[in-house]
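**Student:** Mind docking chain B on chain A? Use the hints.
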Amino acid sequence: MAIFGNLRDIGLLDLLPMLSHQRGKLVLIRREGNLALYLAGGRIECAEEGGRPPSPSQLEERLFQVLHSQDAGFEFFRGEAPRHEKGCLRIPVEELVLKLATLRDELEHARENLPLPDTVFTLGNVALAYGDPSLAEFLDRAWPQLTQGASARSLAKQLDLPIERVRYLLYKLRSLDAIQPKTRTPRATRERKSLAVRLLGLLRRRFGGVSWNL
Amino acid sequence: MEPLKIVITGPVGAGKSTLIRTLSETEVVDTDAIATEAIGKPTTTVALDHGTLRLDGHLLHLFGTPGQERFDFMWEILAEGALGILLMVRADRPETLPVARNILDFIKSRAPVPYVVGVTHLDQPKVWQPEEVALFLGTPLEHTQGLDPRRPEEAVRPLVRLLELIGTNA
Chain A
262 MAIFGNLRDI
272 GLLDLLPMLS
282 HQRGKLVLIR
292 REGNLALYLA
302 GGRIECAEEG
312 GRPPSPSQLE
322 ERLFQVLHSQ
332 DAGFEFFRGE
342 APRHEKGCLR
352 IPVEELVLKL
362 ATLRDELEHA
372 RENLPLPDTV
382 FTLGNVALAY
392 GDPSLAEFLD
402 RAWPQLTQGA
412 SARSLAKQLD
422 LPIERVRYLL
432 YKLRSLDAIQ
442 PKTRTPRATR
452 ERKSLAVRLL
462 GLLRRRFGGV
472 SWNL
Chain B
-11 MEPLKIVITG
-1 PVGAGKSTLI
9 RTLSETEVVD
19 TDAIATEAIG
29 KPTTTVALDH
39 GTLRLDGHLL
49 HLFGTPGQER
59 FDFMWEILAE
69 GALGILLMVR
79 ADRPETLPVA
89 RNILDFIKSR
99 APVPYVVGVT
109 HLDQPKVWQP
119 EEVALFLGTP
129 LEHTQGLDPR
139 RPEEAVRPLV
149 RLLELIGTNA
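Quick mapping for you: the protein sequence lines, in order, are chains A and B. Residue 376 in our numbering sits at position 115 of the first sequence, with consecutive numbering throughout. Residue 29 in our numbering sits at position 41 of the second sequence, with consecutive numbering throughout.
Only chain A is shown next, with the shape it has when bound in the complex (with noise of 0.2 Å):
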C-alpha cells in the first residue's frame, strides 16, 4: 500500500509528523520540481532536489514554499534509504514543524500589513536586523538588489523564495528602519511651478485666504 495524496487535503504539518517516524523517502511533488525527504527515527536525515542536497535554510524555505503550495502532492515510498550520506542533514522533524508552523502563524498575523509587492525599497539602517538570524541570512542574500533598489515580486524572483514569504521579511526590515522605500524625488517644472502658484491664488480666493496650518 502507499501514502500518497495532495498536500490541500491532508497539510504538511499533518503529514511529517505522522510519518516522520517511518522509514523511508517521502517525495513532495511541485510544478517546479520534485523535493525528496529521506525520514527515519524522527528526523529528515537527508534531503534531494533536482540531484542535489539542500542546505538545511534551502530546506526550510523550499518546505515554507511547499506549504502556501495549493497544488502540491506527495507519496510515501516505504523502507527507501538515500543512495548516500553525503549531505545529510539530520534535522529533527518536530523542531522544523514547530517553526514552519511559527513562520506561517507569524506571516498570517502580519498579512494585512504586508508591504505591496511591487514597492521599491533600499538599505536603511541595517544595524537591528543583524540581530534576527533569518532578517541577517535574508539581508545578506539581498544586500546587491537592496542596494540598488529591489521590490518584493523581484526579489522573490532572483532569490528563488515565495513572494509572501519575501513580503513578511521585507515587513520586518521596514519595522525596524533597516530598508526605507527608494524615493523617486518629483521634479517639478517650471510650467508646473507656476501652474500651481496660479491655481493656489485661485483656490484662497475662491475659499477665503485658506492657509496651511495643522
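In short, the hints are calculated from the structure, not lab data. Glycine is no exception: its CB is placed at the ideal position from the N, C-alpha and C atoms. Be aware that a few hints might be false.
[Claimed, not checked] Counterexamples of contact, computed for chain A against chain B with all Cβ distances above 10 Å: (1) GLY272; (2) LEU276; (3) HIS282; (4) GLU293; (5) GLY312; (6) HIS329; (7) ARG339; (8) PRO343; (9) THR363; (10) ARG365; (11) ALA417; (12) PRO423.
[As the list claims (entries may be wrong)] DSSO-like cross-link-like pairs, simulated, lysine-lysine; straight-line CA separation at most 30 Å: (13) LYS443(A) to LYS433(A); (14) LYS347(A) to LYS360(A); (15) LYS(-7)(B) to LYS454(A); (16) LYS443(A) to LYS418(A); (17) LYS(-7)(B) to LYS443(A); (18) LYS360(A) to LYS286(A); (19) LYS114(B) to LYS433(A); (20) LYS443(A) to LYS454(A); (21) LYS347(A) to LYS418(A).
[Claimed, not checked] Simulated restraints, written as ranges between beta carbons of each label pair: (22) ALA371(A) to GLU15(B): 34 to 42 Å; (23) GLU15(B) to THR450(A): 29 to 37 Å; (24) ASP275(A) to PRO(-9)(B): 54 to 62 Å; (25) LEU47(B) to THR450(A): 14 to 22 Å; (26) LEU47(B) to ASP421(A): 47 to 55 Å; (27) GLU452(A) to LYS114(B): 42 to 50 Å; (28) LEU129(B) to ARG465(A): 17 to 25 Å; (29) THR450(A) to ARG138(B): 32 to 40 Å; (30) LYS454(A) to GLN117(B): 24 to 32 Å; (31) ARG351(A) to LYS114(B): 48 to 56 Å.
**Tutor:** Just chain B, lined up with the frame of chain A:
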C-alpha cells in the same frame, strides 16, 4: 489646456469620497458598494470616485481610489502625470496606519509625484495628532495636514498645501 488631476487615496474609511463630494462642483461619479466586511461604514468605494473643481480656465479632476490593497494597480496608473497625491488617514484608527504607510511607500517608490497626508476625524475623543501621524509615516511635518473633509474650507487645505509644496518644489 491640459487636464489636471489630483489623486486621493488612503485606507478604507479615511474620508476620500467625502472630500471629493465636498469639493466637487459637478455631480460625483461614485462606485460605492455595500461593504462585505466590518469597515465602520455601510458602503465602500470599489472602483473610482470622480469629481471636478473649476478654477477659472483650469479644470481640476479629483480621483478617489479604493482603499483596499487589491486595487493597488490603480494607484500607479492614476498617479501617472498627476499634479499631486493626497493620502488620507483617520486619526482615530491607528490600526490603519501601517496600511497607510504601505500605500505611501508604494507611491514614493513608484511615482515621482508630490504628496500630502491628510489627517481626518480629529474631532473624535482619542486621536493621533497630525505630527504623530507624520512621525509614524516618516514624512516631513509640512507634508501633513489635519482636516475635516465635510467642511469645504477645511477640505481644501490639503490641496492648498500640495500647491504650496509644488510652488516651492519641496
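**Student:** For HIS329(A), is the shortest beta carbon distance to chain B beyond 10 Å?
**Tutor:** 18 Å, holds
**Student:** Sort out whether LYS454(A) lies within 30 Å of LYS443(A), counting only the CA atoms.
**Tutor:** 24 Å, holds
**Student:** I want to verify a distance hint. Is the separation of the beta carbons of LEU47(B) and THR450(A) within 14 to 22 Å?
**Tutor:** For LEU47(B) and THR450(A) the Cβ distance comes to about 20 Å; the hint holds.
**Student:** For LYS443(A) and LYS433(A), compute the direct alpha-carbon distance and say whether it is at most 30 Å.
**Tutor:** 17 Å, holds
**Student:** May I ask you to test the hint 24 to 32 Å on the CB atoms belonging to LYS454(A) and GLN117(B)?
**Tutor:** Roughly 31 Å apart at Cβ, these two residues keep to the hinted range, so it holds.
**Student:** I want to verify a distance hint. Is the separation of the beta carbons of GLU15(B) and THR450(A) within 29 to 37 Å?
**Tutor:** 33 Å, holds
**Student:** Against chain B, does LEU276(A) hold up as non-interface, every C-beta pair farther apart than 10 Å?
**Tutor:** 32 Å, holds
**Student:** Evaluate the given range 34 to 42 Å for the C-beta pair formed by ALA371(A) and GLU15(B).
**Tutor:** Holds: the Cβ-Cβ distance is about 41 Å, inside 34 to 42 Å.
**Student:** Checking a non-interface call: every C-beta of chain B should be farther than 10 Å from the C-beta of PRO423(A). Is that right?
**Tutor:** 18 Å, holds
**Student:** Do the beta carbons of THR450(A) and ARG138(B) sit within 32 to 40 Å of each other?
**Tutor:** 35 Å, holds
**Student:** Taking the minimum C-beta separation from PRO343(A) to chain B, is that value above 10 Å?
**Tutor:** Given a closest Cβ separation of 44 Å, the condition holds.
**Student:** Take a quick look at whether LYS(-7)(B) and LYS454(A) sit within 30 Å of each other, Cα to Cα.
**Tutor:** 15 Å, holds
Checked against the numbered hints above, the structure violates none of them.
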